[in-house]
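In order, the protein sequence lines correspond to chains A and B. Heads up, the first sequence is in our numbering, so the first residue is 1 and it goes up one at a time. Heads up, the second sequence is in our numbering, so the first residue is 1 and it goes up one at a time.
No wet-lab data here; the hints were simulated from the structure. Hints may be right or wrong, so weigh each one.
[Unchecked claim] Across the chosen pairs, the derived CB separations fall in these ranges:
1. A:303 / B:224: 27 to 35 Å
2. B:188 / A:37: 21 to 29 Å
3. A:166 / B:194: 15 to 23 Å
[To be verified] In silico DSS-like pairs for lysine-lysine, Cα to Cα no more than 25 Å straight-line:
4. B:211 / B:194
5. A:85 / B:180
6. A:85 / A:181
7. B:211 / A:401
8. A:158 / A:181
9. A:404 / A:180
10. A:330 / A:306
11. A:96 / A:85
12. B:180 / A:84
13. B:211 / A:184
14. B:194 / A:96
15. A:150 / A:199
16. B:180 / B:211
17. B:211 / A:28
18. A:404 / A:360
19. A:180 / A:141
20. A:184 / A:330
21. A:184 / A:51
Here a beta-carbon is modelled for each residue, glycine too, at the ideal position from N, C-alpha and C.
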Amino acid sequence: MTKTICLLSSVMILVFALLNLNRNAYGKVYVDIDSPTFNPIPVAISDFNPKAGGPATQADVSGIIAEGVRQDLSLTGLFNILQKKSFLEQNPGIEKIRFADWMAIGADYLLKGEIVKNDREVISNAYFYEVSRGERVFGRKYRAGAGEVKAISRAIAKDIMLALFNDAGDFNTHIAFVPKKGLKSDIYSISYDGSEIRKRTSHQSILLAPRWSPDGRLLAFTSFRRGRPEIYIQNLQNGLEQKVTSFDGMNLCGSFSPDNRKLLLTLSKDGNNEIYVLDIASLSLKRLTNNYAIDVSPSWSPDGKKIAFVSNRSGSPQIYTMDADGGNVKRVTYDGDYNSSPSWSPRGDRLAYEGRVNNKYQIFTIDPDGGNPQQLTSDHTDHESPSWSPSGRQIVYVSHKQGKSTVFIMNANGTNPRQLYETNSKVVMSTWSPRSQ
Amino acid sequence: MTPRTPGKTYRGTNGNLHNMIYLSFICHLIIVTLIFIAIPTTSRRFTFGPVYSVQLVGSDAAITHQSTSLLKDISPLPQTSDAVMIKTKLSSMDPSPLRPQDADRLRVESAISALRQRDQSRSAHQDPVTAAGTMKKTDAEVNAYANEYIGVIWSRVKQHWSMPQSLLPANNITAIIDVKISRTGALEYAIFEKRSGNRYFDESALRAVQKASPFPPLPYWVRDDSIEIGIRFHSTELR
């Protein structure tokens, strides 16, 4: 009996407790706030503090690291790097930071650091703060050889991207392109920040379609070195090249598979241009399309299940997708009479391509199922060869105007185009590399 | 109580029968109370309560009511004209939105209204939100004041909310932050009731709340020492 009474009373207590909670819940109001204003993230980067007792040369290095981070972050198009002269707090130390002063100049985030340099190496501690809460987001130690201060800047910029967006950004990447000089050209690459240009081949012939393998170890391309198109693969570590196909007719590179083992190709050995897949180790070939129409420019999806390509089977060049085995072909683009050069976003959710509008080529993106087409460029020049950055946040493309070619990088939504490289020769086929290890 | 053994039937002993009756009574009680609790809770949860729910996304929705004609005279609220005004007028970080020129104007007007009604004069020195408060309020009036105060919170948070466009996904995402504001207007806490899954979006919403604080002091009619507001942040426009 007592047991049941106990049970009963505890049930009643529970009921009252719940009712009470409920009554409190009555008081809560919900408010809706929609669409934030669009502004880049304001971040203050303070010059690094040379640690006491070091040699005098430290002072310049401290400025170099901070300036490097400023440059790297501004390239992402996501940050508004606040002017140094706007800083209220001049104290370079990392103790007793007056966050109110940083908030007053509008900074959301603050980077501070210390640096020690000796003859052999540079050691730096960097601290990244969220200003409105006065909270440290991360504090980390960086070490690099005396001549590689830039590596520290990039590592800090990368850690900031990781901390805020969970993605390593596109620092440490390169863009391959081919500046055409008559019939003699070679593949060059330029670093993401534009600071370093490197010649990658010495074929001195017509070169086309440079493609990086996803692990960054191989570079495939088409070369006319022996008078007709052949496909080569270069090992980027030792520079050795291997000729992988030399069929009659067209031999054109498509993209690597996500596992680096296969390479998509366009060959015309069996009549017209068709898409094939080449196993790189065994050099065995498999045909994927079989059609009276021309099928070219294959690009693998990041999950390896789909391939986007261009076909004129409907009368004009349009983008299509198919399964990796060649089945299940679906048309993606319907607007315009010339759509080509598809490139699959590393996130898998968009395709970039070039489409003709009023006789000029413009860059577009579209969902792989054909939804939400978006035109990203619109000025009255030709824009070609879109290629995604490894983070999927930016797109590189080439624009041609009055005999000049310019390599541009823009945000994936078309905003903030930034000129990376300009030359008087015609540049073709820009392709973004993966992140180097 | 008699232990139940496999050999005996339930009807065999009185003790077991009583136990079963009690048990069944308790079970019914639990089920019935659970139903009573559960039904209003879930419905309120999904509709967010008809009494206080505020949708402040349009231009004319921000501040709606002027409850009495007297109120108009003694406290011409800067934020009552329209939503655009709210955004510009309330841009200061100062917890008390009363500005010197407003105060001057209020003093003159309060003197006039003091002639009309002596005991109203002191309210002119109060915060505009809490002003005109010595009258007895109907529920509708209290609601109007609630909307007013929440409108202030809304516009301050909205003003401080920004992020790079390229970080927003194409589809709408939503984060809900629970905000507790103490009587002085200080932010007691801001915690996530629901995260959107987009790291920077969540971070920007939380920062908007933090940058917007401290808020104006709570109006006098709030009896509790603090109020709790759930702020739902939507990435796309609610239309």
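- List, from low to high, the hint numbers that the structure doesn't satisfy. Numbers 1, 5, 6, 7, 8, 12, 13, 14, 19, 20 and 21 - these are the hints that the structure violates, sorted from lowest upward.
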